[in-house]
Every structure is written in C-alpha cells, then in structure tokens.
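Undergrad: Generate coordinates for the entire structure from the input sequences, incorporating the hints supplied.
There are 2 protein chains.
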Amino acid sequence: MIEDTLKPPYYAVIFTTQLSETIEGYYEMAEKMDELAKKQDGYLGVESARSDVGITVSYWKNLEAITNWKNNIEHTEARDIGRDKWYKKYQLRICKVEREYGFEKK
Amino acid sequence: MIEDTLKPPYYAVIFTTQLSETIEGYYEMAEKMDELAKKQDGYLGVESARSDVGITVSYWKNLEAITNWKNNIEHTEARDIGRDKWYKKYQLRICKVEREYGFEKK
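Protein chains in written order, with the working numbering: chain A, 1 to 106; chain F, 1 to 106.
The set of hints was computed from the structure by calculation and includes no laboratory data.
Just so you know, not all the hints are guaranteed correct.
A pair holds if it fits inside one copy or across any two, identical chains being indistinguishable in the list.
[To be verified] Straight-line alpha carbon distances no greater than 20 Å define the calculated DMTMM-like cross-link-like pairs of lysine to aspartate or glutamate that follow:
no.: 1; residue 1: K32; residue 2: D4
no.: 2; residue 1: K105; residue 2: E35
no.: 3; residue 1: K89; residue 2: D4
no.: 4; residue 1: K89; residue 2: E24
no.: 5; residue 1: K61; residue 2: E28
no.: 6; residue 1: K106; residue 2: D41
no.: 7; residue 1: K38; residue 2: E77
no.: 8; residue 1: K61; residue 2: E21
no.: 9; residue 1: K61; residue 2: E98
no.: 10; residue 1: K89; residue 2: E3
no.: 11; residue 1: K61; residue 2: D34
no.: 12; residue 1: K106; residue 2: D80
no.: 13; residue 1: K106; residue 2: E31
no.: 14; residue 1: K96; residue 2: E77
no.: 15; residue 1: K96; residue 2: E3
no.: 16; residue 1: K7; residue 2: E74
TA: Written out as structure tokens, the structure reads:
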C-alpha cells in the first residue's frame, strides 16, 4: 500500500532490516506491532516491502509520537526479542519529510 | 544491502512504487539508473526492496545533489518512460535524516 494523502512536514522512520536464520514467530510479531502502531497517537501510515532486505517506513505527526512509540512497553519487548532472535542487522533512521510528489495513472 | 556508515544530517529520497502490468524493460532501466545515480556528486547510497509495492530509498549529501539528479537528462527520460509505461502509481518523498541507530548481531 502507498500512503498518498499526507501533507509535509511530518516525520518518517525508515527501518531497514536483514533477518537471521531464526524467523520463527517473526511475521506474527511484525503483524501485531503493525496493528499496535496504528493505534498510537500521531501515527499517520506505513509502507513496507521485503526482498534481500526489508524496508518498513512508518509515518508520524511529530518526534514526540515517534518517541512514545519507541517507549511503548509491548514494542520495547518485541524489539528485545527481535535483537535476540530475528534480526541479523538493522538500521533505523528518523527523518523529517520536507517535500512530497505523487503520480497516479488515470 | 543496508547502508550503515552514513552520518546525519543528510537527505533521503523515499520512492514507493506500484508497477503496472507492462513491465517490459523496467528492470533493465532500474539497474541502469542505479548505476548512473552512484556516479552523481553527493550520492551516498541506496536501499531497495519489492513486494506488493517497491520501496527504494536513496541517500544524498544535500538537496542540491537531489535536484541535480532529478534534472539529469538520462534520468528525466527514464522517468518519462516510467510514467508512460511502468508505473501505475508512485509517491516520492524528500526527507532530512536527523538521527540514526544501527544494530548488528556479533
């Protein structure tokens, strides 16, 4: 899904991941965290794709919303399990979306 | 591939795409554009994944580098063909990367 209704400025969290061999339980947890994220104040949307690496970009109203989601207890527990079991490597970037352009074939 | 050596602040272009039925020539052109992007001044790296949607995040030193790449003639021609043939829909976001965290299992 492509988020096409957001108006800059807002924030993006770019989360790029490489999974380990052990992915038991990963997809269930990822879905659970997606559902939980959607319920947070300031959540605006998400885009996600996976090939060799996975890229999930979540969109947020402001930095406070991102910090609150980072400190959410269930999310913190999931992240701890992720670092222990599922992730071989990841990079997380917090970005301010300054401009945006869209195209859709009519 | 995960880019793990960049130091904020720098810029990210998040390009989320949905392809049309007509993808003849798309992957060749995407690879050609990746190669060309790497040669531009201010290019820092790229991360890419595709499932239902494709997400390509390219990283740049500053806004000027992004504008120059946008105006590159070969890139402009490829974009025109893309809008005509390959893309059903896309969203492009220009973002300032403010903070970054990495994890790697040892």
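Undergrad: Using 20 Å as the alpha carbon limit, work out where K96 and E77 are close: within a copy, between copies, both or neither.
TA: neither (27 Å within a copy, 29 Å between copies)
Undergrad: If the cut is 20 Å between Cα atoms, do K61 and E21 qualify within a copy, between copies, both or neither?
TA: neither (35 Å within a copy, 34 Å between copies)
Undergrad: Between K32 and D4, at a C-alpha cutoff of 20 Å, which is it: within one copy, between copies, both, or neither?
TA: Neither. Shortest intra-copy (24 Å) and inter-copy (27 Å) distances fail the 20 Å Cα cut-off.
Undergrad: Please work out whether the CA atoms of K61 and E28 approach to 20 Å or closer within one copy, between two copies, in both situations, or in neither?
TA: Answer is neither: 26 Å inside a copy and 37 Å across each miss the 20 Å cutoff.
Undergrad: Reference check for the pair K106 and E31, CA-CA at most 20 Å: within, between, both, or neither?
TA: Answer is neither; intra-copy 32 Å and inter-copy 27 Å both fail.
Undergrad: Are the CA atoms of K61 and D34 at most 20 Å apart within a copy, between copies, both, or neither?
TA: within (17 Å within a copy, 31 Å between copies)
Undergrad: As a check of your reading, is K105 near E35 (CA-CA no more than 20 Å) within one copy, between copies, both or neither?
TA: neither (30 Å within a copy, 27 Å between copies)
Undergrad: Have a look at K96 and E3 and pick one of within, between, both or neither, based on CA distance no larger than 20 Å.
TA: both (16 Å within a copy, 19 Å between copies)
Undergrad: How do K89 and D4 come out at 20 Å by Cα distance, when the copy is not named: within, between, both, or neither?
TA: between (30 Å within a copy, 10 Å between copies)
Undergrad: With identical chains treated as interchangeable, where does the CA-CA distance between K106 and D80 reach 20 Å or less: within a copy, between copies, both, or neither?
TA: between (45 Å within a copy, 15 Å between copies)
Undergrad: Is the C-alpha distance from K38 to E77 at most 20 Å within one copy, between copies, in both cases, or in neither?
TA: Classified as within: same-chain Cα gap 18 Å, cross-chain 38 Å, threshold 20 Å.
Undergrad: Since the copies are identical, ignore which copy is meant and state whether K61 and E98 lie within 20 Å (CA to CA) inside a copy, between copies, both or neither.
TA: both (13 Å within a copy, 15 Å between copies)
Going down the numbered hints, you'll see the structure goes against 1, 2, 5, 6, 8, 13, 14 and 16, while the others check out.
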